[in-house]
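Chemist: Single-letter residue listing:
There are 2 protein chains.
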Amino acid sequence: MEYFLSCDWGTSAFRLRLVSVPELKVITEVVSEKGIAATYQSWREAQKPDRVIFYLGIILEHIQQLEKKISLHLTQVPVVISGMASSTIGMLELPYQELPFGLDGAGLQTQYLKATPDFPHQGVLVSGVKSAHDVMRGEETQLLGLLTEDPAIGQEQVFIFPGTHSKHIWVNNNSVTGFKTYMTGEIFGLLAQKSILSATVAPAENPEEPALAIAFKQGVTDAVGTNLLHAAFRVRTNNLFGKLNPQQNFSYLSGLVIGTELQDLVNSNGQLYLVAGHALQKYYSLALQALGLTEQMQTFPAQWVDEAVVRGQFKIYQRLTD
Amino acid sequence: MEYFLSCDWGTSAFRLRLVSVPELKVITEVVSEKGIAATYQSWREAQKPDRVIFYLGIILEHIQQLEKKISLHLTQVPVVISGMASSTIGMLELPYQELPFGLDGAGLQTQYLKATPDFPHQGVLVSGVKSAHDVMRGEETQLLGLLTEDPAIGQEQVFIFPGTHSKHIWVNNNSVTGFKTYMTGEIFGLLAQKSILSATVAPAENPEEPALAIAFKQGVTDAVGTNLLHAAFRVRTNNLFGKLNPQQNFSYLSGLVIGTELQDLVNSNGQLYLVAGHALQKYYSLALQALGLTEQMQTFPAQWVDEAVVRGQFKIYQRLTD
Chain A
0 MEYFLSCDWG TSAFRLRLVS VPELKVITEV VSEKGIAATY QSWREAQKPD RVIFYLGIIL
60 EHIQQLEKKI SLHLTQVPVV ISGMASSTIG MLELPYQELP FGLDGAGLQT QYLKATPDFP
120 HQGVLVSGVK SAHDVMRGEE TQLLGLLTED PAIGQEQVFI FPGTHSKHIW VNNNSVTGFK
180 TYMTGEIFGL LAQKSILSAT VAPAENPEEP ALAIAFKQGV TDAVGTNLLH AAFRVRTNNL
240 FGKLNPQQNF SYLSGLVIGT ELQDLVNSNG QLYLVAGHAL QKYYSLALQA LGLTEQMQTF
300 PAQWVDEAVV RGQFKIYQRL TD
Chain B
0 MEYFLSCDWG TSAFRLRLVS VPELKVITEV VSEKGIAATY QSWREAQKPD RVIFYLGIIL
60 EHIQQLEKKI SLHLTQVPVV ISGMASSTIG MLELPYQELP FGLDGAGLQT QYLKATPDFP
120 HQGVLVSGVK SAHDVMRGEE TQLLGLLTED PAIGQEQVFI FPGTHSKHIW VNNNSVTGFK
180 TYMTGEIFGL LAQKSILSAT VAPAENPEEP ALAIAFKQGV TDAVGTNLLH AAFRVRTNNL
240 FGKLNPQQNF SYLSGLVIGT ELQDLVNSNG QLYLVAGHAL QKYYSLALQA LGLTEQMQTF
300 PAQWVDEAVV RGQFKIYQRL TD
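Protein chains in written order, with numbering that gives the first Met the number 0: chain A, 0 to 321; chain B, 0 to 321.
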C-alpha cells in the first residue's frame, strides 16, 4: 500500500486527505461543508435511498475532487472513516465501544466495507466510544494518533481536547479508562450571543491587547469553586459597575467558561496534555497557567494535533489488515 | 390615606394595583406588556422626550384603566414604584443602595416625586441594591413585604427567589447582608431551546405524571458536586442510551439546572425560605427535598409571595411619610 484516504467526517464539516504510507505525509486534501448533519438532511430529502450507498456517494465526490487536483487515479486506494459517520445520523450506525480500550487500537469497534464497482475502495468505518454516562466519536481516533510512543506507564494522564464539546480523556497504563464531555464552546456561544449578557460583550478587534489576557485570567480564577449559574452574572455587573469594557468582558466570559471546565483538573495528580489547534491552544494554555497547572502540563504542537486523526486512522487500519 | 397605587415595573411586564390602607387589600389591578424594556424602546423611538414625563405617562395610562374599571377618581392617590423603573433603561436612574440595609426599609435609596398638574399623584421610586459583584432591583422590596414580624434574631436566614435570574438573599439580625444572582431560568431556556440538547427534550403534556418527578429529582441529585458544563451533556446520553423519553428528559434538565443553583445551600446552617409563585414553588420544593433540606426550609404561600411587593412598598412609603 502506497497511499490511503483519511476521511474525517464531523457533524458540520467533511475533510478528506490523501496520505502517503508509511511516512504518513498528507499529499493533498479537500474540505467541504457536507458534514454528517447536512448529508443526513440531503439523504432524507432524497426520499431515503440506500443509506450506505448515498453516503459513500458523498465520499466519492470528494475523492474525484482530489483526483482532479493531483491528476492521479485513486481507484483501489483504501479509505478510513472516523467521526460522526457511525452515528445515528451517519452512514451506518455502529454500536459504541465500551471502555476501556487500548492505545494501540485494540478493542475499538470497526466495520469493514468491501470495494464495489460503484465505490472501488475498500473501507474501514471506526465506531465511537461510550462510558456509563458519556459518548465520543472521533476523539478516540485522534488520541491513538497523537502518541507515536506509549506514554509513561503507571502514571495517570489526562488528554484535554477543547472545542464546542470539549473532552477530557483519562489514560492509565496504555488504556483509555474514562472520559468526560464539557459543553464549553456551545454554552459560551449561547451566553455571548443569546443571553442577557450579549449586550455587555463584544469580540476584540485586536486580540493581542494585554488587557484582554488579564480579563481572561480573571475569569478563569473567578470560576474556581464558584457556580457558573451565579458567576456568569458577573459579566453583567462588570459592565454595570464599569469594571470592564465589552471586549475585555468578552474575554472575561470566555475565561469564566473555560475556567469552569478546567477547574475539575485542579486537584488532579496526573500529567495533563493539551490537544488543541492554534486558536484554542492559546486560551487553554493561559487558563491552565492561571490555574497553576503549567508544571504538570504538556502541549502538543498544533500541526501534530491537526494530523492526529490521520495517524490514528492508519494505526487502526494497520491493525486490521496486518 | 385610604388607598395607594402599587406599581411593580419589571423588564418585560407592568403591573399596577390599587391597594386599600391599612389592611393592604388589593382592590383591583391592571397588567400589561409595557415593561421597562418596551417602554425604553418607545421612548427612544419618540425621539427621547423628557424621560420622567414620558414614563409617568405610561403609569397614567394604566391609572386611567383602573379608574374606568372601578368608576372611581384616583387623583391624589400616591404611587409607589419599584423594580426596573430606577435602572439605566428606567424612568430615572437611581444609584444602587449598598449592603447592608434593614428589614424595616432603613437604608434603602428612594426618590420622592412631586405631584404635578399632568401627573396628579405624589410618588416614591425605590432604587435597587448592590453588593461587590451583584445587583438586584425589585426583590429588596418583595423581601421587606414578606415579613410582617421580624424573623428569629441571631440565626442566619436565606431567602430563595426562583426565576429567570434567581436570587438568594442572606438576612442576619434583621439586616440584609448579602445576595447572589443565579441565571437559572435563562440558562435552562437556552439549553432546552437553543442548544444541541433541544432535540432530546420536550415539555410534558401532563406534568403530574410520576415519572417526571422522578427524572426531575435525579437531575437535582446528579447536579450536586458536578460541573454543569459536563452534567448537561447527560441530557444527550439519557436520550442516546434510551434512559429517558423527551418529556422525562426535559424534567431531568430542569432538575439539573435547579439542582446546580441550590447545591450552594447544601452546607448552609441557616433557615431557608422559599419565596415562589405556584409553578416554581412545586419544583423548588421537590428540589430542596431531593437535597435533604426540607427540615430547614419554610415555604411562603404563593399568594403571600404575589402580594409581597405591595406590602414592601407600603412599608417603604410609610417610613418616608411618617
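Be careful, since some hints might not be right.
As the list makes no split between identical chains, a pair holds if one copy fits it or if it spans any two.
Claimed, not checked - When the alpha-carbon atoms are kept at most 30 Å apart in a straight line, the in silico DSS-like pairs for lysine-lysine are as follows:
no. : residue 1 : residue 2
1   : K281      : K193
2   : K216      : K129
3   : K24       : K47
4   : K47       : K242
5   : K113      : K281
6   : K129      : K242
7   : K67       : K193
8   : K68       : K281
9   : K216      : K67
10  : K24       : K242
11  : K33       : K216
Hints were generated in silico from the structure; no laboratory data involved.
Note that the coordinates shown come from a computational prediction; the quantities given were computed from them, not determined experimentally.
Chemist: Evaluate each hint against the coordinates.
Modeler: Going through the hints against the structure:
1. Taking the closest pair of Cα atoms, K281 and K193 come within 30 Å of each other both inside a single copy (25 Å) and across two copies (28 Å).
2. In this homomeric assembly, K216 and K129 come within 30 Å of each other (Cα to Cα) only across copies, at 24 Å, whereas the closest approach inside a single copy is 33 Å.
3. Taking the shortest alpha-carbon separations for K24 and K47, neither the intra-copy value of 37 Å nor the inter-copy value of 65 Å comes in at or below 30 Å.
4. Taking the closest pair of Cα atoms, K47 and K242 come within 30 Å of each other only across two copies (28 Å); inside a single copy the shortest separation is 55 Å, beyond that limit.
5. For a Cα distance limit of 30 Å, the shortest separation of K113 from K281 qualifies neither inside one copy, at 43 Å, nor across copies, at 58 Å.
6. Only between protomers do K129 and K242 lie at most 30 Å apart by alpha-carbon distance; the minimum there is 14 Å, versus 44 Å within a single protomer.
7. In this assembly of identical chains, K67 and K193 lie within 30 Å of each other by CA distance neither inside one copy nor across copies; the values are 43 Å within and 40 Å between.
8. For the homomeric pair K68 and K281, neither the shortest alpha-carbon distance inside one copy (34 Å) nor that between copies (64 Å) is at most 30 Å.
9. In this homomeric assembly, K216 and K67 never come within 30 Å of each other (Cα to Cα): the closest approach is 48 Å inside a single copy and 58 Å across copies.
10. In this homomeric assembly, K24 and K242 never come within 30 Å of each other (Cα to Cα): the closest approach is 50 Å inside a single copy and 44 Å across copies.
11. With identical chains, the CA atoms of K33 and K216 are never at most 30 Å apart, being 37 Å at best within one copy and 40 Å at best between copies.
Violated hints for the displayed structure, listed by number in ascending order: 3, 5, 7, 8, 9, 10 and 11.
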